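Asker: Chains as they are written, first to last, in the numbering used here: chain Y, 1 to 254; chain R, 255 to 508; chain S, 509 to 762; chain U, 763 to 1016.
Calculated from the structure, these hints are not laboratory results.
Note that this is a predicted model, so its numbers are computed, not measured.
We put the CB at the ideal spot given by N, CA and C, even for glycine.
Where hints are given, some of them may not hold.
Partial selection, computed: residues in chain U whose CB lies under 8 Å from chain S [what the hints assert, rightly or not]:
id : residue
1  : 816
2  : 918
3  : 926
4  : 930
5  : 937
6  : 955
7  : 981
8  : 983
9  : 1005
What follows is each chain in one-letter form.
Protein chains: 4
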Amino acid sequence: VDEERLLSDLLPSMWEFRSMSFWRAVFAEFYGTMFFVFFGLGAALRWTTGPHNVLHVAFCFGMAAATLIQSIGHISGGHINPAVTFAYLIGAQMSMFRCFLLHDGPVSGSTCWCCRALRGHTQQHEGKSSTQHALFLVLQLQPGIGLGMATTMEVFLTMQLVICVFAVTDERRNGRMGSAALAIGFSVLMGHLLGMFYTGAGMNPARSFAPAVMVRNFVNHWVYWVGPMIGGAMGALVYDFMLFPRMRGLSERL
Amino acid sequence: VDEERLLSDLLPSMWEFRSMSFWRAVFAEFYGTMFFVFFGLGAALRWTTGPHNVLHVAFCFGMAAATLIQSIGHISGGHINPAVTFAYLIGAQMSMFRCFLLHDGPVSGSTCWCCRALRGHTQQHEGKSSTQHALFLVLQLQPGIGLGMATTMEVFLTMQLVICVFAVTDERRNGRMGSAALAIGFSVLMGHLLGMFYTGAGMNPARSFAPAVMVRNFVNHWVYWVGPMIGGAMGALVYDFMLFPRMRGLSERL
Amino acid sequence: VDEERLLSDLLPSMWEFRSMSFWRAVFAEFYGTMFFVFFGLGAALRWTTGPHNVLHVAFCFGMAAATLIQSIGHISGGHINPAVTFAYLIGAQMSMFRCFLLHDGPVSGSTCWCCRALRGHTQQHEGKSSTQHALFLVLQLQPGIGLGMATTMEVFLTMQLVICVFAVTDERRNGRMGSAALAIGFSVLMGHLLGMFYTGAGMNPARSFAPAVMVRNFVNHWVYWVGPMIGGAMGALVYDFMLFPRMRGLSERL
Amino acid sequence: VDEERLLSDLLPSMWEFRSMSFWRAVFAEFYGTMFFVFFGLGAALRWTTGPHNVLHVAFCFGMAAATLIQSIGHISGGHINPAVTFAYLIGAQMSMFRCFLLHDGPVSGSTCWCCRALRGHTQQHEGKSSTQHALFLVLQLQPGIGLGMATTMEVFLTMQLVICVFAVTDERRNGRMGSAALAIGFSVLMGHLLGMFYTGAGMNPARSFAPAVMVRNFVNHWVYWVGPMIGGAMGALVYDFMLFPRMRGLSERL
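Isolated chain Y (complex conformation):
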């Protein structure tokens, strides 16, 4: 985001260039989300439930986030997550138009694409067991977890992720920070290490939406949209108003 904003500030009249940069960012988010969902779900698809599953799948999601944010962070910001995009919108770091077009579009698109690819795989090669496998991918509340607790868990998981994202991309900060992409990747890893026992670790509506569409199973699906969105908004508000306030006018925010 930084480089692009800088360029567009320096060259305000080069609309053609600005437009190309914008569409490159759209494509980068498309690429990032597609591969994030593909890697995480692909690893989960071949596993049956078990203790290994958790460590393995958590590392796969975490390292996928780290690698893809490292790859596209300097081009589009590397959200690969509608909840993070929503948090940036709440935090007034992105206009609503840009937010909608840049991130939610590619996210949905890549999700559908990935979903179709995986469905093709399961139908073709495993016959009737495909539904069973695919059901495993659909995020479901674990036994003994109620709707209220699941939503709260999703709120907390997404909140810590968004606060971490805001902290490592905060341009007012300097010091011994190391890699922003790696820090976000470890935040995703930690979220899965905890959340998989409770809600399956959504944290990302794009990741939850793809398998739900795939097997047309939307039982309790709203939890994986409401929780991350509330968590993202809370994270943005907590970071921007309580932890490290930005002095911005309300008009700039919307």
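Given chain Y's structure and the hints, the job is docking chains R, S and U onto it.
Answerer: Quick look at chains R, S and U alone, frame taken from chain Y:
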């Protein structure tokens, strides 16, 4: 800590600003400790004892420390551990008033909060097995470990953590250091990989205190306060007087 | 690559020096590839199939890539992978002559050397079971994976690796990037966490070629050359033309 | 090493200061080696042989190296390994007197201390099974591994470690390197992931020596001294003469 001290040095008269910054730090420590305890205990709660438990829970605690210190380190220093705060007090990097109010308050508060949340969960959804689960969270000496050895182990675990914290936040140092938060996270991870076989890996009185209050089980609980406090003080003294001495007057120290 | 190009620009007439630097890079790639294949295959050789195998071998390959790229990245660029070299050729960051001599030569040589070393080991110490063990090292399609899907998987695995390599070595970028070697290592780790269930995770023709030569088993071996090469080329084209275009003339490209 | 050499160059007459800095470095190495051996062996002591053991112990050694080098690297260089010290001597980055006194002394001392501590533990709390446990700590060739292969393996393991250490501490290099301590830690981790199946992963004579003294079992013990020393020397020579030559006179080297 650095930014805030710098600001308060530059603007000594802006008491209002200084006060807001101070309370933001209090809130940041509250947030950090709450989530650290929540993630670590939440992951441990759903596991039964077993070899996987160790690797999984150790990663969860380590990555939680890395993520939360990355998130709040530039706001409050990111202690999330009364033993580390005590070490800073011994190392004369923090006044006693600030130390007490800034860190021990939030730590206790967040611990109690987290404790209540977890208790609610276990009572509501798992009935009588809640006590059994919660007992698992209470740090206990492993079979064959005496009180003396347990205390020594806690001293060593906390000492290496505090020396690592002091080394990576030492403003006299520069070079190829990478991420301070990640280094501390890996130090926590290493401590759990060893300590869980001996004492359950306290290293942090806030983490030990919460489940003990929860099930009102204070058997050998003093080990998890005395060990980390001695270890923190020893770490601060070893780093500040033997490894890399600071030239400070005694008056400045207290 | 940077330092050497800089030096050769500054001292264009010191052919002797340039030549020494060139042959040092050849040796560095030889060393890097030899140890990468040696560590990865050595760890895999002692394991039987099982869930641990995946996490363990994936970490071994990933950390080997991180360590060796850290060791030789400033000398030769640290490709240790013909697919990455091919991607640099497509991306016009390397002349065809240099590409061929610098990378494909050492890669083949080190592969053969490593292959001989491992064969000696298995034959000498394990008798008839050596073939069985060695067969495990040969990358094979997992049950239920067709040729088309396997090639697609290799394309995707290599594509994300090459885009990550291009992103972290992009000299037009700055910011909170952390360690380039570690980012590439985690990309390799993630690729193995997913790919081992489908194709065994080639991503690197040198890694696939060595055991195939060793046991003279070339069944479906073309998949592990065609997939990574297409993936490398696609990664280079996607990064250089779509994500973050370079303004270079076509003549400079070939 | 850098800071101290700089200081002693700037203030050549302040012998007192130089002496204090020297003895601080001695103490730092003592601390580092003691805790490295303590953490690695402590984790291994409580485990029986099994696949988890490898991943767990490898992480414990690797993260211990990363944390302790992060803690003392700016004070004494953070070798915590006689083989690395020997490599620095071969690479002419350290005088023979300093090398001997600074590193081999503390290493032996800390090893003996740690050894006594562990022996006390096993004798006191586990009775007759202590010998059995302690025997597990003694590095032994794995079944089917000959002396020649074991030595070669130790040479390779130490060589990659030393080349990584030399590369990340090379002051002629700059760029996207990230944390030197973490890179070395991952190199140790990788070495254990491979080496534990063959020789138990020595790589460090101090780590091998302590348990051998403890149970007075020196069968094949020379392998764990000869291998790392040859590997360290080869690593230093390969890095300094072939990969990235330093222009130093022979007199400066000895």
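Asker: Would you pick out the hints that fail for this structure and give their numbers low to high?
Answerer: 7, 8
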